[in-house]
Amino acid sequence: MDLKLDHHSKDGIEIVDVEGEIDVYTAPRLRELLIELVNSRFYQLIVNMEKVEFLDSTGLGVLVGGLKRVRAHDGSLDLVCTQERILKIFRITGLTKVFGIHDTVDEAIAARRAEK
Amino acid sequence: MATVELSFTALPAHVRTARLVATAVARRSGVDESLLDEVRLAVGEACSRAVEGHQLYCPAEPVRLALTDLAGRFEVEVTDTCAPGARWPGSPAAAGDGAGIPGLSSQDSNGAGLAAGLGIAVIEGLADQVQISETAAGTSIRMSWPSAGASR
Chain Y
1 MDLKLDHHSK DGIEIVDVEG EIDVYTAPRL RELLIELVNS RFYQLIVNME KVEFLDSTGL
61 GVLVGGLKRV RAHDGSLDLV CTQERILKIF RITGLTKVFG IHDTVDEAIA ARRAEK
Chain L
1001 MATVELSFTA LPAHVRTARL VATAVARRSG VDESLLDEVR LAVGEACSRA VEGHQLYCPA
1061 EPVRLALTDL AGRFEVEVTD TCAPGARWPG SPAAAGDGAG IPGLSSQDSN GAGLAAGLGI
1121 AVIEGLADQV QISETAAGTS IRMSWPSAGA SR
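Protein chains in written order, with the numbering used here: chain Y, 1 to 116; chain L, 1001 to 1152.
One thing to keep in mind: the hints can contain errors.
Claimed, not checked - Ranges of calculated distance between the beta carbons of each label pair, as one might list FRET restraints:
id : chain 1 : residue 1 : chain 2 : residue 2 : range
1  : Y       : GLU53     : L       : PRO1059   : 24 to 34 Å
2  : Y       : ARG29     : L       : VAL1130   : 24 to 34 Å
3  : Y       : ARG85     : L       : LEU1011   : 17 to 27 Å
4  : L       : GLN1131   : Y       : GLU115    : 37 to 47 Å
5  : Y       : LYS4      : L       : THR1009   : 18 to 28 Å
6  : Y       : HIS8      : L       : ALA1136   : 49 to 59 Å
7  : Y       : ASP106    : L       : ASP1032   : 31 to 41 Å
Just so you know, these hints were derived from the structure itself, not from any lab.
Since this is a predicted model, take the numbers as computed values, not measurements.
We treat Cβ as the ideally placed atom computed from N, Cα and C, and that holds for glycine.
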């Protein structure tokens, strides 16, 4: 399936809902959305990947690029993901040490609040 | 001779097709269901890498994918025809250790260079056996997984 993107604010944090496949074909759309959000001064982001069916290194690169952009503004980019098939890619590449990965959006928000 | 051969224009849109074909042939070749996700991802990574290289250096040339059902092995070979020395940005050296991910310090903000390096790391992490060879014609990534050798 293709990629569906949506976003909304919750407790002052912008939640990006991603559904479908993030690969070399679709990842540019996610990149554009993240850039658009940062340009709109949203620096606290949570990317909800619970409905992501496929993620490759191109998608990982986009997420790291997004993290770098928000960090330039003292922001954050956390992930929500419980799917083993997706988490495995983060483990293989060592990116579990780079991203905060949470089970739910509420948990991610609470963790972000606790760090402030 | 490969069980199935696929040749496609070097466009990102076709990588998904390549993944789907590889997964279908792997299933028919008797690769265990638990490994099919790994086949799908590794083939996608190899094809993405080839497509990106072709778009930079030889966009008119097709990317080739060969899927072979050997005795007890399912083998995938992705071949690009980028000239030797035409290398992609990024390096696999930093992958595997998140603390050393260069994307947070030295790579471009789009993550493209990082993705190129991570792609090889992902392939090596997923495939049962991997062989990367460079020839005068380009680069070949050969990956394989155990299979039941069900059919040809």
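Against the structure, the hints come out as follows:
Remark: the range hint 24 to 34 Å for Y:GLU53 to L:PRO1059 is upheld by a beta-carbon distance near 29 Å. The supplied range of 24 to 34 Å is met by Y:ARG29 and L:VAL1130, whose beta-carbon atoms lie about 30 Å from each other. Roughly 26 Å separates the CB atoms of Y:ARG85 and L:LEU1011, a value that falls within the hinted 17 to 27 Å. Between L:GLN1131 and Y:GLU115, the C-beta spacing of about 44 Å keeps the proposed range 37 to 47 Å intact.
As the Cβ distance of Y:LYS4 to L:THR1009 is approximately 26 Å, the hint placing it in 18 to 28 Å holds. As the Cβ distance of Y:HIS8 to L:ALA1136 is approximately 53 Å, the hint placing it in 49 to 59 Å holds. Between Y:ASP106 and L:ASP1032 the beta carbon distance is about 37 Å. The supplied range of 31 to 41 Å therefore holds.
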